[in-house]
Every structure is written in C-alpha cells, then in structure tokens.
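Participant: Sequence:
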Amino acid sequence: MIGLMTIRTFSIIVFIFILGGCIKQENNVQTEYNGKLLEQLVRETYSGNKTSNETLSGIHDTLLPLPSNFNKIIIDSLTIENNRFYSVLLEFEYPVYNVFAIYDSSFSLKLIDRSLNGYLSILRRVDAKRTFWEVFEDFGSKDIFKLKRYNLYYVGKDTVVKSLRTNFELTTPKEKLIQDIAGFADDVINTKLYLSSNSLLKETWDTFIWDNFNNSYKSQLNIFDSVVTAILAAHKTKLFNPLIIDKISALRSVGVELSADSINAYNNFNNSTDRFTLFLPEGWKALKNVMVTKQLKKGMSGTLFLSSTLGANFSVVKIGENEKAEDYFTIGLSNEVKGNYSVRFSERISTKKNYIQCFEVSCVNLKYLVIFECPILTYLEHKNLYEDIMNSFGVDC
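Here the working numbering is used: position 17 in the sequence shown is 2, and no number is missing along the way.
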C-alpha cells in the first residue's frame, strides 16, 4: 500500500442461468414448481450443487465459502391476482450468509436482500390495498447494544420491492428505546416512540406515508433511526467483536480477504456521465453536480461522497484528457504508481483536525481528481474502510 491506496481495474463476468418452464427429470416427467421443490433446491445449493444455485439465480454468493449449516430455513408463499410468489428466509451463524429472496411461480428471482443481521423471523401482512412480507432482525452492535429492526417488502402483481427499513428497539446498558407500530392503515404507518429519559422527546409519534411512485413508506422525520444512529456513533470505545458495516466488512468476518479487484464487484455507485464507479458503504451519501473547492485553485463541479457519522468525505472531479492535476490542485503530487490505471498522489497532509490527500487518476483518455478528507482522531479506526472505497474506484475506459 503506497499512501492511502492503490487503484486497480477489474474485469468480472457474471453468468446467471434462469431455467424457465418446468424442471425435467431423467424420465421426462415434468415436476411442478412448489414450496417443497424450492426448499430442495436451496438445500442442494448449500450442499455445493452449482446447478441448483444457478436455477435460483445465485441465492448463494459464490465469493463466499459454503457455510457449515443453516440456523433456519423458512419457505412461504402467497398469491396476488392469480400470480404465485415464494419467499425464502435463510439464517446462518454468520450474518454475511443471511438471505431473504422472493421468486415468482417459475422460480425467477424478483428480489434478494443480503443485508439482514442476527436472528430472523418473518410474517405476512395483508391490508385492504396491499400485501407484504415482514422480516424482523434481532442482533448486537458495538459489543454493548442490542438492536431490533423491521423490514417490509411489498409484493404486487408486477412489482416486488423493499418498502421500509427502520429500527424499532435499541437496548443500551442503561435503558431501552422503542418504536412501536401503533397503526397500519392502507397508506399510513403510525409509530409511537418511547425515547431516552434524557431526551426532550420522551414520548412522541412518527408517521410513514405510502409513496405510490416508489412503492415504499417514507417519513419526513425518521426520529427513531436518527436517535439510534446518534447513540451508536457516539460510542467510541475499542471493540472486542468485529464491526460489520457493509458488504466488505461482512466478508472479512468469515475470513474472506478481498483484493481491490474483488471489491470492485460490489460497486454500487455509477456515475454514467463521468464514467466512473465505486463502492459506497451503507450510511454514505452521494451528491452529484456540487461545487468542489477544497484544495483546488478554483471551484469545479463534481461528485461529493460523505459520511456525516464519520465526518469524512471524498470528492471526484473529471478533468480534460490533456489537463493535469497541477492546473487545479494547490498541493503537489509527489508519488506515482502505474498499472491499468495511472495514479499520482500527494502525501497525507495534516490540518488542525483533519487529514487530506489528493489524487489524479488516469485511464486512456479519462482523467479524474480525487480529494479525500477525514478526522485525524478516527483515521486509524476507519482506515480500512477508506482504503476499500478508494481501491474500488473503477473507470469505464
């Protein structure tokens, strides 16, 4: 590792085989799709059967070694306007393996969620207008906290989507905070909140309104999640258990060490206009077309990535093919590495409170300026996370 990072390109081809129609046995007798067959395919998949995994559109992430056993397998089904849907909820000892998936009547994948943590349970919820699956999580965080989280998945005739995720219980060493669903109407979820005795809002309400365009429930306030985030962020003591905050840290929790090329497989941000991608962990925000001024001789339009919890940010600015970083940066780039990309970068600079480092990334006829900034006090604690983001930087060149 030179400086903060080394950026490398990648090439990954994903083959997904979805077998339409019915599965034919050797005697040419067609087997109908049903819950029993679905469970059989799931068990075969986690016994190492690649064909079963391909039939289920890769329910097992093949970047992971096979888990030793299930904690729980729950298969459920429901019918929407004569269309049959199946759900699969899988719980494992290590949460990186946890999966919730929804398939149609021919086992074509409609939704998969690999972000579920801890102990899982599932219920169906049907109101006058809509049908949902509810998935509940119960897990620990930062050694001393216990969290319960609520996930709501909308299932319509032509649409399957995750409609809501919110915390509904936080237990600390001193108290328990609760968000309780007090009412679930056609277009509104009302929750009652029981907050900390130290809070100005000891008892209050929140409202989640159905958004027809996105098929989801949204709150303008998100009071409970904001309180939980603040409490977790304020806990800074050294952790005994590894902290899982994103896909990469989850993989590392089961001993999978990722190269920069592998990290690129999880890139979830794509700026198609400026032709770059990167991996953005949960909790980070991306703001396009903002004016970037830090460490630049003049402000330029770019993309800002920031985490309010960590107080860290990255800025990416695309420049011309024949331009160079010295035309823009106020500090020099004294280091250089070359591979599929050419990367020039500065030393890490200390201000009163923050570290700053600048980069120029070039690939064929594309060139970018990258500015990184984070608090000095927490840099070492989150250094791997920052490197993962920078190492994931991919260019469509």
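Calculated from the structure, these hints are not laboratory results. Take these hints with a grain of salt, some might be off.
Stated by the list, open to error - In silico PhoX-like pairs for lysine-lysine, Cα to Cα no more than 20 Å straight-line:
1. 177 x 133
2. 279 x 309
3. 323 x 283
4. 338 x 221
5. 338 x 309
6. 177 x 203
7. 127 x 147
8. 131 x 159
9. 57 x 21
10. 133 x 161
11. 177 x 95
12. 133 x 203
13. 133 x 159
14. 279 x 338
15. 127 x 221
16. 368 x 221
17. 142 x 114
18. 323 x 309
19. 127 x 337
20. 21 x 114
21. 114 x 203
22. 279 x 303
23. 283 x 273
24. 133 x 57
25. 133 x 114
26. 127 x 161
27. 368 x 337
28. 159 x 221
Said to hold, decoys possible - Now the in silico label distances, taken between C-beta atoms and shown as ranges:
29. 158 x 89: 43 to 49 Å
30. 128 x 19: 41 to 47 Å
31. 320 x 268: 26 to 32 Å
32. 158 x 94: 25 to 31 Å
33. 67 x 362: 44 to 50 Å
34. 69 x 112: 25 to 31 Å
35. 59 x 175: 27 to 33 Å
36. 111 x 271: 34 to 40 Å
37. 130 x 273: 32 to 38 Å
38. 255 x 130: 45 to 51 Å
If you're wondering where the values come from, they're calculated on a predicted model, not measured in any experiment. Think of the CB as a built atom: it goes at the ideal place given N, C-alpha and C, for glycine as much as any other residue.
Participant: Sort out whether residue 221 lies within 20 Å of residue 159, counting only the CA atoms.
Facilitator: Holds, at roughly 17 Å.
Participant: Does the structure keep residue 127 and residue 221 at a Cα separation of 20 Å or less?
Facilitator: The hint holds at about 9 Å.
Participant: Does 41 to 47 Å hold as the CB distance between residue 128 and residue 19, or does it fail?
Facilitator: holds, 44 Å
Participant: Would you check the hint for residue 279 and residue 338, treating anything up to 20 Å between C-alpha atoms as holding?
Facilitator: holds, 15 Å
Participant: For a C-alpha distance cap of 20 Å, please report whether residue 279 and residue 309 respect it.
Facilitator: Holds. Residue 279 to residue 309 sits at ~17 Å (cutoff 20 Å).
Participant: Is it true that the CA of residue 133 sits at most 20 Å from the CA of residue 161?
Facilitator: holds, 11 Å
Participant: Does residue 114 lie within 20 Å of residue 133 when you go C-alpha to C-alpha?
Facilitator: violated, 27 Å
Participant: Does 25 to 31 Å hold as the CB distance between residue 69 and residue 112, or does it fail?
Facilitator: violated, 20 Å
Participant: For residue 177 and residue 203, compute the direct alpha-carbon distance and say whether it is at most 20 Å.
Facilitator: With Cα atoms ~16 Å apart, residue 177 and residue 203 stay inside 20 Å; holds.
Participant: CB of residue 59 to CB of residue 175, is that within 27 to 33 Å?
Facilitator: For residue 175 against residue 59, whose Cβ atoms are near 28 Å apart, the range 27 to 33 Å holds.
Participant: Could you grab the alpha-carbon distance between residue 283 and residue 273 and see if it respects the 20 Å cut-off?
Facilitator: holds, 18 Å
Participant: For the pair we were handed, residue 57 and residue 21, check the Cα-Cα distance against 20 Å.
Facilitator: holds, 15 Å
In terms of the numbered hints stated before, the structure departs from hints 3, 5, 7, 11, 19, 20, 25, 32, 33, 34, 38, listed from lowest to highest.
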